[in-house]
Amino acid sequence: MNLPTDTKKNLTFFAGIPSINPPPLDLKALFKNESNEYEPILIMTGAGADPSHDLEELAKNEVGANRFHSISMGQGQQQVAIDALRSAAENGDWVCLKNLHLVIASLPFIQKELSMLQRHANFRLWLTSEPDDKFPPILLQDSIKLTFESPPGVKNNLNRTYTQWRDSGVSGGVIRLQCLFVLAWIHALVQERRTFIPQAWSQFYEFNNADLRAAKLVVEEMTKIDSKVPEWQFLRGLMQHVIYGGRIDNPFDVSVLNGYLLRYFNSQMISASSGAELVKNIPIPASDKFADYVKAIEKAVPAEDVPSLFGLPDNIRISWEVTESEATIRQIRNMQIGRSVEVLFDRTSWQNSLNPILNLWKRLNSQSTLHSMSLPQPRNSDDPIVEVLSLEFVFAVALVQSVHRSLSALSKCVRGVLLPSPITMKLAHSLILHQTPDAWLDIWAGPSDPVQYLTSLMYRAKATQELVDAADSGQLLSGPIKLSKLFRPGTLLNALRQLTARKTKKSMDELKLASAWNSALLKDEIVMELSGIYIQGAVFESTLSETLASSPPFSTAPKLSVAWISAESPDVYKWTDSIFVPMYASVDRKNLITQVQIPCGKDPQKWQIASVALFLSSH
Numbered sequence: 001m002n003l004p005t006d007t008k009k010n011l012t013f014f015a016g017i018p019s020i021n022p023p024p025l026d027l028k029a030l031f032k033n034e035s036n037e038y039e040p041i042l043i044m045t046g047a048g049a050d051p052s053h054d055l056e057e058l059a060k061n062e063v064g065a066n067r068f069h070s071i072s073m074g075q076g077q078q079q080v081a082i083d084a085l086r087s088a089a090e091n092g093d094w095v096c097l098k099n100l101h102l103v104i105a106s107l108p109f110i111q112k113e114l115s116m117l118q119r120h121a122n123f124r125l126w127l128t129s130e131p132d133d134k135f136p137p138i139l140l141q142d143s144i145k146l147t148f149e150s151p152p153g154v155k156n157n158l159n160r161t162y163t164q165w166r167d168s169g170v171s172g173g174v175i176r177l178q179c180l181f182v183l184a185w186i187h188a189l190v191q192e193r194r195t196f197i198p199q200a201w202s203q204f205y206e207f208n209n210a211d212l213r214a215a216k217l218v219v220e221e222m223t224k225i226d227s228k229v230p231e232w233q234f235l236r237g238l239m240q241h242v243i244y245g246g247r248i249d250n251p252f253d254v255s256v257l258n259g260y261l262l263r264y265f266n267s268q269m270i271s272a273s274s275g276a277e278l279v280k281n282i283p284i285p286a287s288d289k290f291a292d293y294v295k296a297i298e299k300a301v302p303a304e305d306v307p308s309l310f311g312l313p314d315n316i317r318i319s320w321e322v323t324e325s326e327a328t329i330r331q332i333r334n335m336q337i338g339r340s341v342e343v344l345f346d347r348t349s350w351q352n353s354l355n356p357i358l359n360l361w362k363r364l365n366s367q368s369t370l371h372s373m374s375l376p377q378p379r380n381s382d383d384p385i386v387e388v389l390s391l392e393f394v395f396a397v398a399l400v401q402s403v404h405r406s407l408s409a410l411s412k413c414v415r416g417v418l419l420p421s422p423i424t425m426k427l428a429h430s431l432i433l434h435q436t437p438d439a440w441l442d443i444w445a446g447p448s449d450p451v452q453y454l455t456s457l458m459y460r461a462k463a464t465q466e467l468v469d470a471a472d473s474g475q476l477l478s479g480p481i482k483l484s485k486l487f488r489p490g491t492l493l494n495a496l497r498q499l500t501a502r503k504t505k506k507s508m509d510e511l512k513l514a515s516a517w518n519s520a521l522l523k524d525e526i527v528m529e530l531s532g533i534y535i536q537g538a539v540f541e542s543t544l545s546e547t548l549a550s551s552p553p554f555s556t557a558p559k560l561s562v563a564w565i566s567a568e569s570p571d572v573y574k575w576t577d578s579i580f581v582p583m584y585a586s587v588d589r590k591n592l593i594t595q596v597q598i599p600c601g602k603d604p605q606k607w608q609i610a611s612v613a614l615f616l617s618s619h
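Throughout the sequence shown, residue numbering follows UniProt numbering, covering 1 to 619 in sequence.
In short, the hints are calculated from the structure, not lab data. Please note that a few of the clues may not be correct.
[What the hints assert, rightly or not] Computed cross-link-like contacts, BS3-like style, restricted to lysine-lysine with a CA-CA straight-line distance of at most 30 Å: (1) Lys28 - Lys112; (2) Lys60 - Lys295; (3) Lys145 - Lys9; (4) Lys505 - Lys426; (5) Lys112 - Lys155.
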């Protein structure tokens with residue numbers, strides 16, 4: 001599925017343009033040729049883009065830094081902004097009101113004040129905001145509008161950084177300039193990795209120029225004496241815990257950042273001599289001349305990003321294509337039918353759109369009584385595993401019956417037996433848009449595709465019933481278990497923990513989860529063998545190995561043995577040649593089940609940076 005790449009190629013071919021990326025924004029030309037004192041200049045910013053530095057430089061050159069007043073809008077800033085507007089309009093200064101999307105409710109008052117001002121010919125009002133549907137249309141109409149989006153790619157990112165540093169002035173010896181070069185490189189990597197969410201980062205992090213400025217100050221302070229090597233551990237600690245790491249809330253994403261810091265901020269990478277490479281064919285200059293680093297970027301860094309720049313697997317483009325294609329298809333579908341079904345009930349239209357879903361549900365239930373049986377009662381048992389699976393089955397039946405009731409009501413509306421209630425209207429709207437209804441997701445956060453949701457629901461409900469039978473017969477732990485059969489797989493691991501605590505007469509807090517890819521390594525323990533596990537970011541047999549560019553996004557991992565052992569016992573594998581990777585319920589990396597130890601050879605950082613992870617499902 002290469003929809004994004006093919007679309008990009010077709011756009012550039014038929015439009016006769018070299019790239020779909022916008023040209024660099026020329027604020028100076030805009031100011032000289034198009035702006036006036038009466039029309040605010042509204043800059044709509046993309047995610048992670050910040051025109052503040054460019055505006056500050058323009059203001060310094062055109063009116064002087066002391067006549068440029070920048071205000072970050074937020075709670076309590078409305079009167080501050082109004083006072084600044086009054087003063088600037090009278091004196092011919094410039095004002096920049098930033099982040100208007102945070103104070104949408106205040107904009108009518110600011111707009112009213114603006115309409116009453118007598119304005120000096122040199123007065124200019126700059127506004128920045130992220131897109132917001134509630135933005136006042138009159139202010140939009142009265143403004144000169146433009147967008148500010150940073151061109152993607154590591155090379156463009158490095159060039160932006162060095163343009164800023166050139167304008168602000170950067171000097172120092174070889175060690176300082178090398179440290180700054182490495183800093184710019186890491187900053188580019190953490191920002192541009194966001195292209196490959198959720199594999200590269202589990203979510204979008206707002207790394208921005210403020211982080212870069214703070215990190216630059218730290219580097220400059222620690223390299224005041226050029227001959228002195230910085231205290232690397234302290235420098236890395238500030239970057240990880242205070243600056244960049246302060247934005248990250250997923251511990252496995254923190255390990256990615258830590259991997260970069262360990263790889264690049266060290267004496268082997270940064271020294272007065274040359275030879276060290278950031279990645280293959282991108283050397284760090286051994287120079288005290290700023291221009292040499294600019295030349296190195298232009299000469300060595302490729303214009304198009306490749307996964308190896310980030311330390312990501314070669315096949316990550318395949319995952320990206322699939323993710324972007326699915327998002328594009330959803331957007332196209334919403335554009336086609338979203339407006340037409342907001343509040344209208346058209347029985348013919350509903351029949352055409354909803355009958356496939358209704359027929360699917362009927363087919364899934366054709367050989368099952370889950371939708372009609374009496375709701376089972378939870379069972380008390382001395383075996384925590386039996387007890388947990390009993391609760392899981394009660395949950396499964398309740399969910400099946402809840403979905404069945406909502407679809408039955410929808411079916412009656414489609415057949416003309418009932419008029420739809422507001423709840424049924426909302427349900428139909430979601431299904432017509434091919435989205436899983438929120439009412440279902442609130443009970444079980446399954447797939448966002450309703451077909452996948454219903455299919456997974458019935459698969460898990462039937463499988464849970466089978467697991468209950470196996471647990472009753474005492475055969476559950478005698479063979480491998482697929483955790484993907486459960487709605488809440490983490491509860492089964494917790495039940496194993498309770499069982500182990502009872503049999504070993506230890507408290508649960510005294511136990512930790514051990515994992516082994518050979519059950520013999522967990523002898524004399526209460527072991528649960530897991531199958532149906534997938535790995536992304538690497539290929540795993542006896543140890544981790546790299547994927548090929550043509551490799552599928554996911555590959556099957558061997559059977560995994562897990563057991564709860566004493567917290568004081570050593571791990572199964574040595575820390576020096578293994579890593580702990582997350583195990584997620586699904587590929588969106590939102591539902592973390594546990595962490596698993598994997599042998600990886602002698603370079604754990606490499607696999608941390610590659611964001612290797614395990615999954616219970618490959619879709």
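We went through each hint and held it up to the structure:
1. Lys28 - Lys112: Within the cut-off at roughly 28 Å; holds.
2. Lys60 - Lys295: holds (27 Å)
3. Lys145 - Lys9: holds (28 Å)
4. Lys505 - Lys426: violated (52 Å)
5. Lys112 - Lys155: violated (44 Å)
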